[in-house]
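Start from the sequences, fold in the hints, and give me the full structure.
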Amino acid sequence: MIPACPLASLPRGEAIRLDVDPPIAVFHTEDGEFFAIDDTCTHQDASLADGWLEGCEVECPLHASRFDLRTGEVDAPPAKRPVRTHQVVVEDDVVYVVPSEAPPNLPPGVALKGQA
Amino acid sequence: MTATTTSSVIPTLPGRYYTDPELFAREQKDIFESMWFCVVRSADLAKPGAFKTVRVGTESVLVTRSRDGSVRAFFNVCRHRGAQLCTEESGEVKRAFQCPYHAWTYDLDGRLVAAPNLTKMADLDREQYGLVKVHVREWLGYVWVCLADEPPSFERDVQGAVAERLGAVELIDNYAVDRLAVGRRIVYDVKANWKLIVENFMECYHCATIHPELTEVLPEFADGYAAQYFVGHGAEFGEEIQGFTVDGSPGLDRIPTLSEEQDRRYYAITIRPQVFINLVPDHVILHRMFPLAVDRTIVECDWLYLPEVVASGKDIDKSVELFHRVNQQDFDACERCQPTMSSRIYRDGGVLVPSEHHIGGFHEWVVDRIG
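Residue numbers (our numbering), protein chains in the order written: chain C, 1 to 116; chain U, 1001 to 1371.
No lab work stands behind these hints: they were computed from the structure.
On a predicted model such as this, the values are computed, not experimentally measured, just so you know.
Errors might be hidden in some of the hints.
Sample of chain C residues lacking proximity to chain U, with all beta carbon distances greater than 12 Å (derived) [said to hold, decoys possible]:
1) 30
2) 44
3) 54
4) 70
5) 85
6) 102
7) 105
8) 110
Taking lysine to aspartate or glutamate pairs in the EDC-like style, the calculated list, with each CA pair at most 16 Å apart, reads [claimed, not checked]:
9) 1191(U) / 1315(U)
10) 1133(U) / 1155(U)
11) 1318(U) / 1300(U)
12) 1029(U) / 1109(U)
13) 1120(U) / 19(C)
14) 1047(U) / 1092(U)
15) 1133(U) / 1123(U)
16) 1191(U) / 1300(U)
17) 1052(U) / 1247(U)
18) 1047(U) / 1123(U)
19) 1094(U) / 54(C)
20) 1052(U) / 1088(U)
21) 1120(U) / 45(C)
22) 1094(U) / 59(C)
23) 1120(U) / 21(C)
Examples of chain U residues toward chain C, derived with CB under 7 Å [said to hold, decoys possible]:
24) 1095
25) 1103
26) 1105
Backbone N, C-alpha and C define an ideal beta-carbon position, used for all residues, glycine too.
And the structure:
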């Protein structure tokens, strides 16, 4: 379990990017739910934490593919593959992420640091 | 004591001031890109993300409304490789401006919010590489921008021009210009130097000749002295005239906050370098000029009425037609002058008659600005 941030520093409607490998985006939706997905769009190296959060979806800020925060699925090209989802735990006013064990779907040119 | 003879005429600018692209380039830099420049009706940016692109001097400027409702203006240039960011004249973005070249993406406050590989460039400051801001003011329901690093005083240059003509800046408040609604907008593409248009607007020596309808409504214009020759003088409607319309028929609902003195009168104001305002009891006509080349100027003219007049769908045709005709008559005259500005006969210019002498002040101002 990775500590992400104090609960107070992630208001509703906001996201933060965890500089882990690969980076993870944690979202606090307007409805008060927490979600974590891989931060990097599967189409091109763009940070989804910088994207546009609407309901349980985030739109990539570069080419507007939308990812479902609950499943990681993408709605329409140019991104074609889903992002991984990660479990979020809030405990004692701290937000934690339990990273997925699945292999990530990274865009061309982006590799895990160990494999770069 | 010897009697001195003063000539009734004084010289105009030499012809090259209307034809020389180098002089125009200096005007772009030292006038249009240095002064307050009226660009957009505020109501045309109805909500966050609505935008317009406008030409100010040599620059394209992007004017938009931010999430907090305030108006912002930026140089319309991507900070990455310099592509023009927005190519449309107007439109609406949902939440960001994205360069169509490499997808650098800016929010409505101009901040760089996304770009390919941006997270790998942690040293790239998102504020520093945000869109470059242009100074903005809102007045009379219009957005005014200034491209200078240090803008001149808006109060002195813009509001001061109104005060100088009306006698006091507060007198324009009676017209509630910011609360009026655009009843009609006509855009004129005039093949003439912008100064010919300013000079034409400033004098009325031509009125009795080319503006029969206007002179019918404002009979005193037949003496050749424009309202702009005086301070605080409104030209009075003719006795038989019921409204500021093409045939003198009644106009629309009078702006209720006018003073008695402002009723049945016409006032005209030039705000250098590119705005003309006409005030009449039931509407306001505001011209914005966009000089594009030494011999080409776009003029956008708004006819502004009480919002309830516009909302009711009342017929404003006769009201608009009067000054639309005046505009056409004036711009035809300016276009008639433009080709002959390069005649060798006009190399040293022409002359201003006494009712035009105040235009000499405009000429001195231009020469002073461009050095």
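Evaluation of the provided hints:
no., hint, in the structure
1, 30, "15 Å, holds"
2, 44, "5 Å, violated"
3, 54, "10 Å, violated"
4, 70, "23 Å, holds"
5, 85, "20 Å, holds"
6, 102, "22 Å, holds"
7, 105, "17 Å, holds"
8, 110, "9 Å, violated"
9, 1191(U) / 1315(U), "31 Å, violated"
10, 1133(U) / 1155(U), "21 Å, violated"
11, 1318(U) / 1300(U), "19 Å, violated"
12, 1029(U) / 1109(U), "26 Å, violated"
13, 1120(U) / 19(C), "11 Å, holds"
14, 1047(U) / 1092(U), "9 Å, holds"
15, 1133(U) / 1123(U), "22 Å, violated"
16, 1191(U) / 1300(U), "14 Å, holds"
17, 1052(U) / 1247(U), "36 Å, violated"
18, 1047(U) / 1123(U), "34 Å, violated"
19, 1094(U) / 54(C), "12 Å, holds"
20, 1052(U) / 1088(U), "8 Å, holds"
21, 1120(U) / 45(C), "9 Å, holds"
22, 1094(U) / 59(C), "12 Å, holds"
23, 1120(U) / 21(C), "13 Å, holds"
24, 1095, "6 Å, holds"
25, 1103, "5 Å, holds"
26, 1105, "5 Å, holds"
Hint compliance for this structure: hints 2, 3, 8, 9, 10, 11, 12, 15, 17 and 18 are broken, all remaining hints hold.
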